[in-house]
Amino acid sequence: MARVPIEAGYFRIPDDPAEPPVLLGSKCPNCGEVFFPRRMVCAQCLHEGTDDVELSTRGTLWTWTYCNIPLFGKKETDVPGYGVGQVDLPEGPRIQAILLGRPDDFEIGMELDLDLETLRTTDEGDDVVIYRFRPVGAGA
Amino acid sequence: MRHGLKFEGVAVAGVGMVRFGMLRDYPMMHMARDAGLVALHDAGMTLADVDEAMVGYIQPSSMTGIKAMKELGLTGLPVTHIENASATGLVAFREAAWAVSSGRADVAMALCFDKFTEMSGTGGRGGGRDVIDAPILPASYFALWAQRRMYERGTTPEHFAKVAAKNWNYGAACPTAHRRPDHVVTPEEVLASRLVARPLTTMMCCPADDGAACVILARDDIVRARHPDRPLVRPLASALQSETYARGHTFVGPVVGPSTMTRDTALECYEAASLGPDDVDVAFCHDAFVNEEIEYYELLGFCPPGEGDKLVEAGETGPGGRIPFNTDGGLTARGHPGGPTGLAIVHECVQQLRGDADDRQVDGARVALAHLVGGGSICTVNLLGVTD
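Protein chains in written order, with my numbering: chain A, 1 to 140; chain B, 1001 to 1388.
Keep in mind that the hints were calculated from the coordinates and are not lab data. Just so we're clear, the structure is a prediction, and the values are computed from it rather than from any experiment. By construction, the Cβ of each residue, glycine as well, lies at the ideal position given by its N, Cα and C atoms. Any given hint could be a false lead.
Short derived list, chain B residues pointing at chain A, Cβ under 8 Å [claimed, not checked]:
#1 MET1045
#2 ILE1136
#3 ARG1226
#4 GLY1253
Simulated coverage check for chain B against chain A, where a stretch passes if three residues somewhere in it have a Cβ under 8 Å from a Cβ of chain A [to be verified]:
#5 1144 to 1150
#6 1359 to 1372
Extracted from the complex, chain A is given alone in its bound form:
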């Protein structure tokens, strides 16, 4: 059984389950702007050709909400809802992602760490995962 990303090319899953996933970004060698996900043309200066970078796994919550409907694509529909947030990483990119926790757990400006949400298990027994953020110190 392995953990497989919902879609390839956005994040790297470490072999050690205790390690956080890593978001795959791009840095423009001309103007220095950093992007997620990876792109070839710089969106700021239009320079062609960027450098691959791996992004920080801790960021700051810019805004959040909590959806009172089951997560689309998730197997267990008894889950009452899920958090969604936009998280600013120190390199610059703002990441939109699922949040782990209940509505009372979130506050704009708080720090969050990246981890993985399991959406479902494939017929081959692999876990389909997507990146998410959780409040620093919160358990998985």
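Given chain A, work out where chain B should sit, using these hints.
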């Protein structure tokens, strides 16, 4: 770079729509046909008079627009498909207006239809559940924007509820609205409805509808000759923009602020028309989620940044207010099938500018503004006016 269009010598010849709703027993091709025929009858024309058609939708597959046009006749006219998510209808309108303004057509039709009761469940994104942004649903994107506004501006759920109640009550007065409540909707009722994605409740969110709408544009002398006694409604100007890059842009999923796209698109449209927000008598915006409407009061220039809440508190965007918004109920109540939504907005602009809007009529309306965003990443602003 310039994107604004100023239209010359063009008028609205006819408008038509079917009332939006969850119309499971009404085939999509028949909805398109009926909206087209109502518009042709309103124009006093048949398809033989139409030189060109722009057809738009979000959900159906390739070539469905050609099939829909065959329901109206097979005259050999050029047909072009247009798709810009929720902004599709207004972009089809813009392109049809430009087809006439540029001189290549004397009469051009914009026809849009969609059927969300038959949607696949992927929101038209095509990749199914295994794409990176599939797990997060649209309501949450706009809720994120609402939550940030509450943090920065002190806006409350009561502000959002008041906008929603206004739009529901406008819907009650509009024969083509999906949601026509049989009682006066209060902000308290809106707040008491089920929470979808905080702070948004179900009554603050638009329905996903079925529907069709059609607008026919023509050289103004042709329209004048066929309807000499009718006020002549004209498209004045149009602007269409995608986003400009700024730090904080989220590339995965639709963008929900910090959005300057609506402000920049509106400025361009005002400039093309040589008009400003003070000249506008009635306005329409993308209120798929009602918090958006307050943002657009500011971004479209009807009040300074941060003062949208004051307009809500003073009732300035409702009946008898300084700048009534979404007098047909907006996406909130008139409904939001996707492609046809923009043409339903034009339909209501035309009712208002002809003075035919009955209980919803804005007294002396001379200029109307029609705004939509699509997928959070494209914006169009259009101005229409009237001459007696």
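Okay, the hints, checked on the actual structure:
no. : hint         : verdict
1   : MET1045      : violated, 45 Å
2   : ILE1136      : holds, 6 Å
3   : ARG1226      : violated, 49 Å
4   : GLY1253      : holds, 5 Å
5   : 1144 to 1150 : holds (count 5)
6   : 1359 to 1372 : violated (count 0)
The structure shown violates the earlier hints numbered 1, 3, 6.
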